[in-house]
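Trainee: With the hints as constraints, model all of the structure from the sequences given.
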Amino acid sequence: MSKGRPTGWLLALILTWIVVYPIALVMVDSARGDAGWTTQYLTAFLTDSHEWGALWNSIWLSFASVVLAGIIGIPLAFVFERFEFPGRRILGALVALPAVLPPLVGVIAFMFLYGETGFVGRAVAALLGTQQAPWRLRGWGAILLVHAYSMYVYFYLFTRAGLAKVDSSMIEAAHSLGHSGRSTLLKVTLPLLRPQIGAAALLTFMTALGSFSAPYIFGGGFRVMTTQIVTSKLNGDIHASVVETAALAAIAFVGLVLFRRSQGTRSVAAVGKGTPPTARSLVQPLARWSAAAVGWMFAVILLLPHVTLLLVSFVPVGTWTTQILPPDYTLGNYQALAAEPERLRPLVNSVWMAAVATVAALAIALWAGRLIVQKQVVLRKPIETLTTLPWAVPGTVLAIALATTFSVNAPWVGRWVLVGTLAILPLAYMVRNIPIVSGSVLAGFRQLDPSLDEAAASLGASRWRIVVRVTMPLLRPALLAGGALAFATALGDFVTSVVLYTFDTRPVSIEILSALREFDIGVAAAYGVVLMLISAAAMVVGTRR
Amino acid sequence: MPTQYLQLNDLTKTFGDQIAIDSLTLGVERGTVLALLGPSGSGKTTTLRLLAGFERPDSGEILVDGRDVTKMSPAQRRFGMVFQHYALFPHLTVGENIAFGLSERSTEQQKQRVAEVLAMVDLEGFAQREVTALSGGQQQRVAVARALAPEPRVLLLDEPLSNLDPGLRERTRRELRQALSQTHVTTVFVTHEQEEAFALGDCVAVINNGALEQVGTARELYEHPETRFVATFVGRASVLSGTLVASDRVRVGTGIEWPCETHGEVSAGAAVAAIVRPEAFRFTDGVGVVGTVVERRYTGARAFFLVEANGATLEVEAPVTAAQMGDQVHVTATATRVYPEGS
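Sequences listed follow chains A and B, in order.
Everything in the first sequence is counted per my numbering, starting at 1 for the first residue and increasing by one.
Everything in the second sequence is counted per my numbering, starting at 546 for the first residue and increasing by one.
Some hints could be false.
Stated by the list, open to error - Okay, the calculated beta carbon distance ranges per label pair:
1. A:LEU190 x B:HIS769: 53 to 61 Å
2. A:ALA96 x B:GLN727: 47 to 55 Å
3. B:ASN754 x A:ILE90: 38 to 46 Å
What the hints assert, rightly or not - Computed footprint of chain A on chain B, listed as stretches where at least three residues anywhere in the stretch have a Cβ under 8 Å from a Cβ of chain A:
4. 618-630
5. 812-824
6. 874-883
What the hints contain is simulated information worked out from the structure, not anything from laboratory work.
None of these values were measured; they are calculated from a predicted model.
For glycine and all other residues, C-beta sits at the position ideal for the given N, C-alpha and C.
Mentor: Dropping the structure here:
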């Protein structure tokens, strides 16, 4: 199709401009001063032990998060995929719950729950008869706790999906060749799951490396790269923040390459077709009930942060002092959210910005998907890479890159002043959303029968009509699923917002933070609950078939 | 019946309220190949999975060399299994796949055995290859080699040729036959194609609805089918309903009586099903069943004619020139077998 070529170029250009160009500018800026090229800022970074410490912390914390999340997520996936026990279906769905909790909301829920003045903290203090809980939710331990809670979901979901595809005759073959259950697990099942486990490890590493909310709230004196960047930026030390951003981007890139390489090149796609193993009913009553008990206990632990948030959202300001449970409850916090224009504003902001960003990302994903599945399009491989690239860029890096690029007015090199305008946050959200929706939409495109397009064309339908009447309806599940996930992510965004927001465009996450600063925990929790509910509603719509 | 090397005694297996295998008793002589032949859903694959130990029977026992293996795990039985879709481990090379069942041997011994079985299936030098890079026929041979490598007591094959192109099937069948006869391993394989069963099996067990219909050589099954199912399932045959008039005469229409051989409990006057092979039919001039030729299929000098007669479709083998499409013809039979109606 000759028409495919120019559009391929145009999309590649747009994606390069909003994804690659800003990051390249940051890289260049890290080596430029007011008087041209210089290594002075780089040298300053390399000789500062604080910076080194933060860099090292970011790296080991990310690896530790991968290990911890894997230890929880992989066995859990086996339990839910391989055994049948009471409550398996509903628990299996609940276990993925942390995925709908925006990072900042999750962090404050943990604070209300496990913090020194949280429910568990107060209960333990009362039990021990002390004034305070015998721990402080601070430093790397607290960050790892939050990471494990929110990121084991990747391992759980990926491993389950992989297990569902493992051909049961592979396992039977190993048994009939004389291997025990344990040996089969180590030599056949786990190696077959390597692509999925590798993908989950990569995703966890990237998420942990870019994690900002947990270190920001719980870090205390424990510095990581993301918090360093934002601190430098807020302190007005632009040069330091740019060099730090470049360093984090470099680490992310190295991590990406290392994990990809460790996934191996050998294809493990099954030879021939097979049937997945069906879940084995646990017939022994003891095994049945202990599996169910472990499952339910886990579900309670998972649900506690959500319940905590809900409970705190009904607490009137200043009433919860020394009691284990808050003494008074009110709907006032929610009323304040709805009635006071200044309180409602951030909610409205977040919803419209997330919606615009999602729709824009969907449009780009559709455009890209159509081009990528056509063999004739020259730039299909680069376009596919460009749509997945923002995923490997920590949110803080992207925010600094966009702040750097779009704070200068130089239209002839593609730079306009967008920082401080309404456009910058939706733009940032959209760039972060592109990989999320593209992954889903592209998978949808690849399942489409290409002859459907040709059939429609042979029946005389125009290109637009094909897109609207054939492609879009068939892609609806993929569009909805990708769109819902993207919308929920953008709605709860904190990491890019904290760098790019203005007072007029402040999103909910920023407002939660300021409510916390004023010790207005009820309002902060109420915002969190509203975010959680909107995200959950979006996910319900998105996963409906 | 004396106990054979591999003996299945009264095996029964149900899934829910569905009976998959109904008190199946069957023996296989040491070093021979038994084909389990039956339509899909007949229970033949379940039988194979019971033998492999992937399923446990509700009752009955499986003996190998006189010893009960029913309660043993698949790993303890030392049976080799070739899966329908081969189930080669995609993360391992050809050599590693074959050595998978040899973990108790030293590395040197493993290497030697891998080379041995690869030679047996005509794949010398393939040990380092990726299994994903092999053709379907090569994958099938690797699967056989992997199952044979640990020198199994019994080899089981699930539809071993069903995944291959028709062109490749015949060659692979010959090679498989050769590999089996080289190793003298007692073998049970499952198939729904009689040609495959007859070509590979020393003995064929016909299974229907979870029960054994008949065991025998190809010739025995074709010439002396003990049940109506075997008579119609093995080889071509037409079915007519009729009445037994004497122990060797069956009436299939007014005044039309054919010679017959009776099976099962039938006495004169009973309603029976008469089974006729195509080669036992003759076209005649005005004698026998009247019908119309609706199809003629050439197979060289002779042809198969489909004749519609009184609601039955008769398949007649005759010289090509014997009749034309649309002709009104008379058909008679020189030999029939009758079974109780509804059996």
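Trainee: None of the hints should be skipped; say for each whether it holds.
Mentor: Okay, the hints, checked on the actual structure:
1. In this structure the hint that LEU190 of chain A and HIS769 of chain B lie 53 to 61 Å apart at CB holds, the actual value being about 54 Å.
2. Checking the proposed 47 to 55 Å range against ALA96 of chain A and GLN727 of chain B shows it holds: the Cβ atoms sit about 54 Å from each other.
3. Take ASN754 of chain B and ILE90 of chain A: their Cβ atoms lie about 40 Å apart, and the range 38 to 46 Å holds.
4. Taking a C-beta to C-beta cut-off of 8 Å, the region 618-630 of chain B contributes 11 residues in contact with chain A, enough for the three needed, and the coverage statement holds.
5. Remark: the region 812-824 of chain B is not confirmed as covered by chain A, as 0 of its residues place a Cβ nearer than 8 Å to a Cβ of that chain, below the required three.
6. Coverage of the region 874-883 of chain B by chain A is violated. Counting CB-CB distances below 8 Å, 0 residues qualify, and the rule asks for three or more.
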